[in-house]
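Novice: Chains as they are written, first to last, in my numbering: chain A, 1 to 511; chain B, 1001 to 1317; chain C, 2001 to 2346; chain D, 3001 to 3364.
Bear in mind the hints are in silico, worked out from the structure with no lab data behind them. For glycine and all other residues, C-beta sits at the position ideal for the given N, C-alpha and C. Hints may be right or wrong, so weigh each one.
Computed, partial: chain C to chain D, Cβ under 10 Å [what the hints assert, rightly or not]:
1. Gly2052
2. Lys2056
3. Lys2059
4. Ser2066
5. Leu2069
6. Ser2071
7. Gly2078
8. Gly2194
9. Asn2195
10. Asp2197
11. Gly2280
12. Gly2324
Chain by chain, the residues run as shown.
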Amino acid sequence: MSYVIEMNHITKQFGSFKANDDVTLQLEKGEIHALLGENGAGKSTLMSVLFGLYQPEQGEIKMNGKPVKINNPNDANELGIGMVHQHFKLVHNFTVLESIVLGRETTKIGILKMDEARKKVMELSKRYKFKIDPDAYISDITVGMQQRVEILKMLYCDNEILIFDEPTAVLIPQEISELMKVMKQLVAEGKSIIFITHKLNEIKEVANRCSVLRKGKYIGTVNVADISKEEMSEMMVGRKVNLVVNKKEATQGEPVLEVKNLTVKGKTAGKDAVKDVSFTVHKGEILCVAGIDGNGQSELIYGITGLMPIEKGQVILNGKDITKESIRQKCLDGLAHIPEDRHKDGLVLDYTLQNNLVLQTYYSDRFQKNGFLKFDEIREFAKGLIEKFDIRCGQGEDSVTRGMSGGNQQKAIIARELDRNPEIVIAVQPVRGLDVGAIEYIHKQLIAQRDAGKAVLLVSLELDEVMNLSDRIVVMYEGEIVADVNPQEITREELGLYMAGAKRGVKNEEN
Amino acid sequence: MNILYFIIQQTMYFAIPLLIVAIGGMYAERSGVINIALEGIMVMGAFVGISFISIFQDSMNGQLLLILAILVSGVVGGIFSLLHAFASINMKADQTISGTALNMFAPAFAIYVARMVQGTQQIAFTDTFYISKVPVLGDIPVIGDMFFKNCYIITYIGIAIYLVAAYVIKNTKYGLRLRACGEHPGAADSVGVNVAKIRYSGVIVSGVLAGIGGIVFVVPTSTNFNATVAGYGFLAIAVLIFGQWRSNKILMAAFFFGIMKTLSSAYSAIPFLNALPVSSEIYKMFPYIATLVLLAFVSKNSQAPKAEGIPYDKSMR
Amino acid sequence: GCAKKPGAEGGEKGASEKGYELALITDVGTIDDKSFNQGSWEGLETYAKDNGITCKYYKPAEKSDSACLTSIDLAVKGGAKVIVTPGFLFEAPIYQAQEKYPDIKFIMVDAAPISPEKEVKINDNVSSVFYAEEQSGFLAGYAAVVEGYTKLGFMGGIAVPAVIRFGYGFVQGAEAAAKDLNISGVEVKYTYVGNFDATPENNAKAAAWYNNGTEVIFACGGAVGNSVMKAAEAAGKKVIGVDVDQSAESETVMTSAMKSLSTSVYDTVASVYKDSFQGGKSVTLTAKENGVLLPMETSKFNKFDQTKYDELYKGLQDGTIKVGNDTIATDASKLSSDYVKVESIK
Amino acid sequence: MKKINNERFVGLSASVLAILCGLLFGFILLLVTNPSQAVNGFLMIVQGGFTDGMKGIGDVLYYATPIIMTGLSVGFAFKTGLFNIGASGQFAAGAFAAVFVGIKWTFLPAGIHVIVCLIAAILAGALWGIVPGLLKAYFNVSEVISGIMMNYIGMSLVNLLIRTSIYDQLKNQSLPVAETAVLSKMGLNKVFDGANINAGIIIAVICVILVYIILEKTTFGFELKACGLNTNASKYAGINEKRNIVLSIVIAGALAGLGGALLYLAGSGKFLQVLDVVAPEGFAGISVALLGSSNPIGILFAGLFIGYITVGGYNMQLYGFVSEAIDIIIAAIVYCGALSLLFKTLIYKFQMKKRNKNNKKEEA
Ligand SMILES: Nc1ncnc2c1ncn2[C@@H]1O[C@H](COP(=O)(O)OP(=O)(O)OP(=O)(O)O)[C@@H](O)[C@H]1O
Ligand SMILES: Nc1ncnc2c1ncn2[C@@H]1O[C@H](COP(=O)(O)OP(=O)(O)OP(=O)(O)O)[C@@H](O)[C@H]1O
Ligand SMILES: [Mg+2]
Ligand SMILES: [Mg+2]
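Isolated chain A (complex conformation) (with noise of 0.2 Å):
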């Protein structure tokens, strides 16, 4: 039988990087195709190609059977393709009128015919019960609003095939269900789609078939129909092996950071992105943070560790309260941060390896006499951390951190914050898009610094990592914790409904 959409043997590359490597997916009419993966296992990378953004190094693209070359957006407009972005591509002053007729305007010797437009957009917006409003500035309106529009602007063009990626990371409950109705209507009317989500239970609920990649690799293609979830995470996950990670019983020593009440405001103003968070990390367990992908979960980092003004609640450290003390003395207090962003966070691009091993302890008299930098000293410490920690790169300490591979500057992040040997070690994301042996390596060392009786505060969106190395689970959903549970005594099932906000669990809140 012939597909709408065949894309075969695609590859693409980011410098070096292979994000896709011979990846083939082919999509039938009239079928809603999941798209399975982990984060950075090239899901966007590979629609990105399909929707003329990025170009392939490798492999072709079918449509209908007919070979067909996709050199740009306006490229796969014309063949009918349209693609919800990750992120969505909105510009927030723009009305959702303009935002939706962007690029595709209607005009009269170019001066822009709104009207046809507007009666357009609101038939299509009743036709799938969206209810928006077209004068709206797009910075007015809610997440799920915006993705709306973005489906409109897929409609609007009357596209026959349709991509979303991840729509359902950015949504509560109420609008995934929404949103699935509206795909089964889509589909119903004979337009086919790509759903990527990293969600089991979205695919089984509206899915046919479901492709999965892993660290950009084609794994194979399902009828989700005749596999079980464990199936397909196996699939997406890879043999468990890589990620089992043997680690001895917990020790619960006393309590080391204590979050109490703890409410951030978020970027869109208005709505809390932490609503009244409490929790304790204890010494000698590894506490993890699980949840869908912004509910929360960096805000409430940056709350504690201080990058975010907090607006109310508390935190205290070896009972010590913290919350109104600068940065810089939250870290002297044993305060470690893994951040999320390594890049826009953890490091100076531009500054040598060594100078990024001292950036959070630069001014300590190790490293300083009355204002002077002490080179030798850095550079002996530098070489030291390369050494104990095993940091490859080009030029040892003195290789600009830029130049180094991902997985490389995670470890110079995680030798800088754990060699300080605090007292509690935040790590938020710490393996993302990393490859298995820095994952492995990099799990190792937060088990170390646990086994160590220290205390370790993970925030993990993937379900491997938490099952398997926290001792405890917390699942954040919409800025609340709606869970606190053992991994030992919960299946991933439990856990990914609580992570959808599907189930809520009595909170066992200790002291």
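Keeping the supplied structure of chain A fixed, place chains B, C and D with the ligands upon it in accordance with the hints.
Specialist: The following block gives chains B, C and D with the ligands in isolation, referenced to the frame of chain A:
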């Protein structure tokens, strides 16, 4: 009353060039390219335009010559601005630096060429463009005295440019795309808008208007061009920001600055001001101070185009 | 044309060979400043043309004594035998240069060699020329009132002595005329704009005055005149030019209060070549030496005629008419009398 | 120190490229305007300060001094991620303060007076820098815009102050400063006979060294550069980025202000003019900083280079060329400089690729 008319007429001489150039700047910045080269481009435009006049003023004269000269200035400005566009769009260079280079280049070039060619630095021209009274319109009681006496067609050209520019950026396909490129080039790109093209056009428009602004500034207020536009390019940038990148507000800003300029030089003939013990320097400083104060208040949530000054790079996500 | 096109001209004779015998060094105003740079240059250039001698002007790298000295060095290096320097900027530099280059002749216009310690010392190789601008201004002021104007304006460039002399002379002339014709209530708006350039501000200032009823403005500051003329053209009023005959610049120029810059420079240069150069002193050229004048043939007068002019000029020459110079008052407003009211604007 | 060498290499090659492009452009310009003399004229530029021996060299140093200072000012700010286009205003402020003290505070004893003048200039410049600094740090106003504004405010204010305090009515400029306020020639004028050279150049060199030390050797410099390269990371590392922004513009301002003092206390008979012109030295500083790729040492040489061709360009008058040709060349150089920033990053990218390969190999 007479005084009032006078102030308004004078204000036009100062405000119109500011308006034109600032609107030009708006196009560049709304497309995402900062253009601090406006000063230099003005000088370039004025230089060539005035030279054009001084060459052809014997063979032809009157409004036709002026309009031709204005066109020439525009073209020159546009071409000159290509340098900036190339640097900041193709080469992804630091936009303030290439702008600074153009600002340094223009006056030196004007002086060099003028002195090498005609031996002297100033380029004189005879003003045959002055309109003491627009036929019919000039007779309208108040309005006539304000806007249709002691004027140049420049005034009306300026207003026309403003109206068109404001309409285009708000109501046309081009305007919509331009604004998108200035705020979120990624979004524009994802719907198949050619960001580079749009930005080029934005810079060129700014160049053309700045060029025009240059000659428009010189003609009504002097009898020769001396390789300078007295910092009006920078003042125009102030106007642009003061106007928060919105043409309607830019209009107001331009006239505010224009009035301040007028007062700073003509106060000696305005009784109530002449009485005040305020020296001309104070008037000169005022627009800039006002801009600073305003910036302090609005910058936190300024309406500056989000992506201005940032070279667009596809693979950045 | 000699040095009209420095480039082309450099082509004919590089500095390498003969070089440029006659040199003028501008005071960073250029040779088209409508003022003493221009006047002096014209004199120099004409002589050079008439006698087939090379000439050239130099521009100091910056506005400082040492830069001026350096440009004198450059001129000498360029083969200069006679160097003309207009303006006070050269007081100190020439004070040194006259020692450094004893066999070079220096012609200072509107200035004399003065050391930073304010000591005046004029060597034999230096002739310093001043003008009785007050007499020139007097003639202009007188003419203006005879023409029937009662609302006059004086816009000086910068309050340097020469300009002040022009201004005070102008006021005195107006007063004399008012007395003779027994007109009372002549008003003079009097100010210094603070620069010698054609700027929009100057233009607006003049426009404002005209708009306020001023009938004729004595624009006494090089290019400032252009701004004033511009305003006059708009307002249909009159302008009085300065230093050189500016009638060509604009229809509105009624007359120009001239000083014989070019002729005197011409003559002095000539004297060098005739070995009749009289250095070592500074002369003030007055009506006696025809050092000041109004260009009657190009002036656009209705009432003020040649006979009247000659009468006045005689008076100035034989001293029956006395005109005070810049020392007679600390501020123009002090010159007010029952005939003339001077409003001095700071 | 492999990497440092490498950085130097890249920066240097970039600047050299820019300079060559600029000079080439200049030569073409001369050729077009006057073929017969173009070569001579160009030689004049190339010979620059050497045309008239020691004096010439002395003058080069004299012209270089103020622009080295403004260059340092701009370059220092660049290093910390800021574009100090306001150097002109700071320069003017400093110049005025120095001259004012130099004229009025004659009660000060000889040795002290000049020093107080310099300090006054430093403070004035710093003061002029603090405004954009605060606006940037606490109101996130672009320092470019506020810098431009401050330039014009400074220009008018200085004019006003001169006219009301230290005005030489007869010459429309500032009065001469007291002898005790003039920078000592330190016998340099003996060496460079007839030139204006004086202690100024030495002070400038000292500043170069100081700035170099601050940026490269101290924790303070470490923080400043970190902020310049990545504000977020600096904040993450507990550095007070707001304070650093203000400090770095203030220091930049102080440097520019001192530059103003060094020029007007040079005893070259230069006076503050009452003109509506923004001090060109500030903009010259931008080109100097770019040529020196913001490296203090580089800036020193860039300043000397521009002083050098300035003298050369001035001598070009002998061949009937107009000295503005130099400004054109410098502008061209700056423009190429803007492009060669890219040229730089290209080299880096290239080197990075190589390293990545190595890393990959090692990891595998
Ligand atoms: N423009 C780019 N430049 C360099 N690397 C990139 C670029 N885009 C993606 N990558 C890398 O390619 C890999 C795949 O990225 P991609 O966004 O496709 O992953 P993904 O499957 O969409 O992950 P997620 O589920 O987090 O969206 C990641 O390691 C990412 O870091
Ligand atoms: N007068 C104008 N000049 C330039 N652009 C304009 C103007 N008016 C509107 N725009 C653009 O069109 C869009 C819609 O117009 P509107 O003015 O309502 O937007 P806005 O962001 O609310 O601007 P403002 O608040 O200044 O009105 C604006 O976002 C702006 O980008
Ligand atoms: Mg994701
Ligand atoms: Mg993705």
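Novice: Tell me the hint numbers this structure goes against, listed in increasing order.
Specialist: Numbers 1, 11 and 12, in rising order.
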